[in-house]
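Each protein sequence line maps, in turn, to chains A and B. If you count by our numbering, then the first sequence holds residues 11 to 215, one letter each, in order. If you count by our numbering, then the second sequence holds residues 2 to 272, one letter each, in order.
Please note that a few of the clues may not be correct.
As the list claims (entries may be wrong) - Computed footprint of chain B on chain A; a stretch qualifies when at least three of its residues, placed anywhere within it, have a C-beta under 8 Å from a C-beta of chain B:
hint, region
1, 51-61
2, 82-94
3, 141-155
4, 181-192
5, 201-213
As the list claims (entries may be wrong) - Here are the simulated DMTMM-like cross-link-like pairs (lysine to aspartate or glutamate), alpha carbons at most 20 Å apart as the crow flies:
hint, chain 1, residue 1, chain 2, residue 2
6, B, LYS253, A, GLU195
7, B, LYS42, B, GLU117
8, A, LYS200, B, GLU109
9, B, LYS79, B, GLU117
10, B, LYS189, B, ASP113
11, B, LYS42, A, GLU89
12, B, LYS83, A, GLU196
13, A, LYS77, A, ASP214
14, A, LYS200, B, ASP113
15, B, LYS83, A, GLU195
16, B, LYS79, A, GLU196
These are calculated hints, taken from the structure and not from any lab test. Quick caveat, the model's predicted, so the values are computed rather than measured. Glycine included, every Cβ here is placed at the ideal spot set by N, Cα and C.
One-letter residues, chain by chain:
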Amino acid sequence: MAFNKGYGFILLFIFFAPVFLNAQTDSTNVYSQKAEKWYVPDYLKLQFAGNIGFVSLGAGYSWWNQKAQSDLIYGYVPEYHGNARIHTFTQKNTFRLINFEHRDFDFSVTSGFSVSFEPGQNSYVKIPNKYPDGYYSPNCVYACFFLGNKLTFAMDKKYYFRKLETYFEINALADYIFYNIIAGEERSSKIFSFAVGLHFFFPDN
Amino acid sequence: MQIKMKNFVGLGFALCFFWMVSCDDLFEYSPYAANVKSSYKNLHINNFNKLYTNTAPKDTIRFAVFADSHYNYNELGKAVEKVNQSPEIDFVIVNGDMADHGYLKEYELFHDKMKELIVPYFTVIGNHDYKSNGESIYQQMYGHPNKFFTYQDNSFILFDNIFWESNKTPNMSWLEAQLKRSNTSNYKNIFVLAHIPPFGEQFTDEYEELYRGLMLEYNVNLSVHGHLHRFIFDDYYDEEMNYLIVESIMDKEYVIITASENEIKVEQVKF
Numbered sequence: 011m012a013f014n015k016g017y018g019f020i021l022l023f024i025f026f027a028p029v030f031l032n033a034q035t036d037s038t039n040v041y042s043q044k045a046e047k048w049y050v051p052d053y054l055k056l057q058f059a060g061n062i063g064f065v066s067l068g069a070g071y072s073w074w075n076q077k078a079q080s081d082l083i084y085g086y087v088p089e090y091h092g093n094a095r096i097h098t099f100t101q102k103n104t105f106r107l108i109n110f111e112h113r114d115f116d117f118s119v120t121s122g123f124s125v126s127f128e129p130g131q132n133s134y135v136k137i138p139n140k141y142p143d144g145y146y147s148p149n150c151v152y153a154c155f156f157l158g159n160k161l162t163f164a165m166d167k168k169y170y171f172r173k174l175e176t177y178f179e180i181n182a183l184a185d186y187i188f189y190n191i192i193a194g195e196e197r198s199s200k201i202f203s204f205a206v207g208l209h210f211f212f213p214d215n
Numbered sequence: 002m003q004i005k006m007k008n009f010v011g012l013g014f015a016l017c018f019f020w021m022v023s024c025d026d027l028f029e030y031s032p033y034a035a036n037v038k039s040s041y042k043n044l045h046i047n048n049f050n051k052l053y054t055n056t057a058p059k060d061t062i063r064f065a066v067f068a069d070s071h072y073n074y075n076e077l078g079k080a081v082e083k084v085n086q087s088p089e090i091d092f093v094i095v096n097g098d099m100a101d102h103g104y105l106k107e108y109e110l111f112h113d114k115m116k117e118l119i120v121p122y123f124t125v126i127g128n129h130d131y132k133s134n135g136e137s138i139y140q141q142m143y144g145h146p147n148k149f150f151t152y153q154d155n156s157f158i159l160f161d162n163i164f165w166e167s168n169k170t171p172n173m174s175w176l177e178a179q180l181k182r183s184n185t186s187n188y189k190n191i192f193v194l195a196h197i198p199p200f201g202e203q204f205t206d207e208y209e210e211l212y213r214g215l216m217l218e219y220n221v222n223l224s225v226h227g228h229l230h231r232f233i234f235d236d237y238y239d240e241e242m243n244y245l246i247v248e249s250i251m252d253k254e255y256v257i258i259t260a261s262e263n264e265i266k267v268e269q270v271k272f
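Make the full structure from the sequences, and use the hints.
Right, dumping it as structure tokens:
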């Protein structure tokens, strides 16, 4: 994908937002209790790239004693970046594999998968009637796998959000991984791409 | 100490980011995106230039036809290697379905293998190539799906005959115009290459008759197809008009066609 360098600086700003926002050291606060009402999301999510949209916005929940996070995300690719307008709805699950606590932040290695739905023009939920049975399987849904890391910072009390997470992931579509497995020695490293994002944690009720 | 640690981590991430933003290709927004990178655009133009460079006149030409590679990059890579070992082949035609879901990544991985060919290659659009935003990707990479070219006094018509995925009917008047032009120019042979055979499931009876009639009327020497994932080479309608269906690359097979003024030889190559 063509990538404008100007975005690099925006991304750089997003990733280091905690530093600019003067994130403070208070690691006991980093993993505090979630909101009392179960349906209220724990955090807002903003992601750049990662095969789920140019920019994606969503909300998510932490569960399994903070070891897992599940999100619902809407992603958009403008025509300028995709040569087509693309809307994507994604359910994403991230699991914490390893966690290191530092007094300024927590650093975690993560892994997970997402399932995306794209109601596009020539991609089908239900195959149109003109096709015989079994001609195609629905091609509007795809899965991604990823490995990543995240930094979690407690926020200063003067800010609305309780803590901030920044993450960086390397991902590939499940289809691409399958292609690479059957490609044997003809496999390609081009199936992998990157994503960066932010989680803004709501204050406790 | 605290500041130093932050700076250290910050510096590490900053370096990663500067490395990332200084390279293309590291961020992907959707598998359905159709923003073809410049190095993958207009490949047919380079290939035509390559075909017409330093060609001395000759009586016999040889070309290979691949079909239906989909996502079988291992077999495709092996086929490319095999063609590269045959110096007498002039070019390769891929008879459709080089993608599977119509994803940009599939088109890219396909070209990454095909660019290893010593000889140029040309493509016919297949039904899978139309899926998702495949049509737009195809056009950016290979130009209009309907193409006409000549080589050593042989006429080649690459024809888009996809009905369902393209949401249109094939442009039969364009096909007829190219056939007429080929006939009046007295070429040694006329080859029509189209992904779906006229007896394939997407053709209506009306279009099947129309296609069959054109082949006979303009004395086409060979109508070459893919799509069925099996090899067929016969006079399908028993009217002295040969139809060749090329086996899928995934089954480790392609064909080599040798053509001179009086003879067309079709050879199955297994690898």
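Hint by hint, here is what the structure shows:
For the region 51-61 of chain A, the assignment as covered by chain B holds, since 4 residues bring a beta-carbon within under 8 Å of that chain's beta-carbons and 3 suffice. Requiring three or more residues with a Cβ within less than 8 Å of a Cβ of chain B, the coverage given for the region 82-94 of chain A holds, as 6 such residues are present. Counting residues of the region 141-155 of chain A whose C-beta lies closer than 8 Å to any C-beta of chain B gives 5; at least three are required, and the coverage claim holds. Under a criterion of three residues with beta carbons nearer than 8 Å to beta carbons of chain B, the stated coverage of the region 181-192 of chain A is upheld, 6 such residues being counted.
A count of 4 residues in the region 201-213 of chain A with a Cβ less than 8 Å from any Cβ of chain B is obtained; the coverage claim is therefore met, three being the minimum. About 16 Å separates the Cα atoms of LYS253 of chain B and GLU195 of chain A, which keeps this hinted pair within 20 Å; it holds. Proposed proximity of LYS42 of chain B and GLU117 of chain B is supported: the alpha carbons are some 17 Å apart, at most 20 Å. At roughly 9 Å between alpha-carbon atoms, LYS200 of chain A and GLU109 of chain B fall within 20 Å of each other, so this suggested pair holds.
For the hint pairing LYS79 of chain B with GLU117 of chain B, the CA-to-CA distance comes to about 11 Å; that is within 20 Å, so the pair holds. With a C-alpha separation of about 34 Å, the suggested pairing of LYS189 of chain B with ASP113 of chain B is violated against the 20 Å cut-off. Restraint check for LYS42 of chain B and GLU89 of chain A: satisfied, since their Cα atoms lie roughly 18 Å apart, inside the 20 Å limit. Under the criterion of a C-alpha separation no larger than 20 Å, the hint pairing LYS83 of chain B with GLU196 of chain A is consistent with the structure, at around 14 Å.
Using a Cα cut-off of 20 Å, the hinted pair LYS77 of chain A and ASP214 of chain A holds, with the two alpha carbons roughly 19 Å apart. For the hint pairing LYS200 of chain A with ASP113 of chain B, the CA-to-CA distance comes to about 10 Å; that is within 20 Å, so the pair holds. For the proposed pair LYS83 of chain B and GLU195 of chain A, the alpha carbon gap of about 16 Å is at most 20 Å, so the pair holds. Pair hint LYS79 of chain B plus GLU196 of chain A holds up; C-alpha atoms about 9 Å apart against a cutoff of 20 Å.
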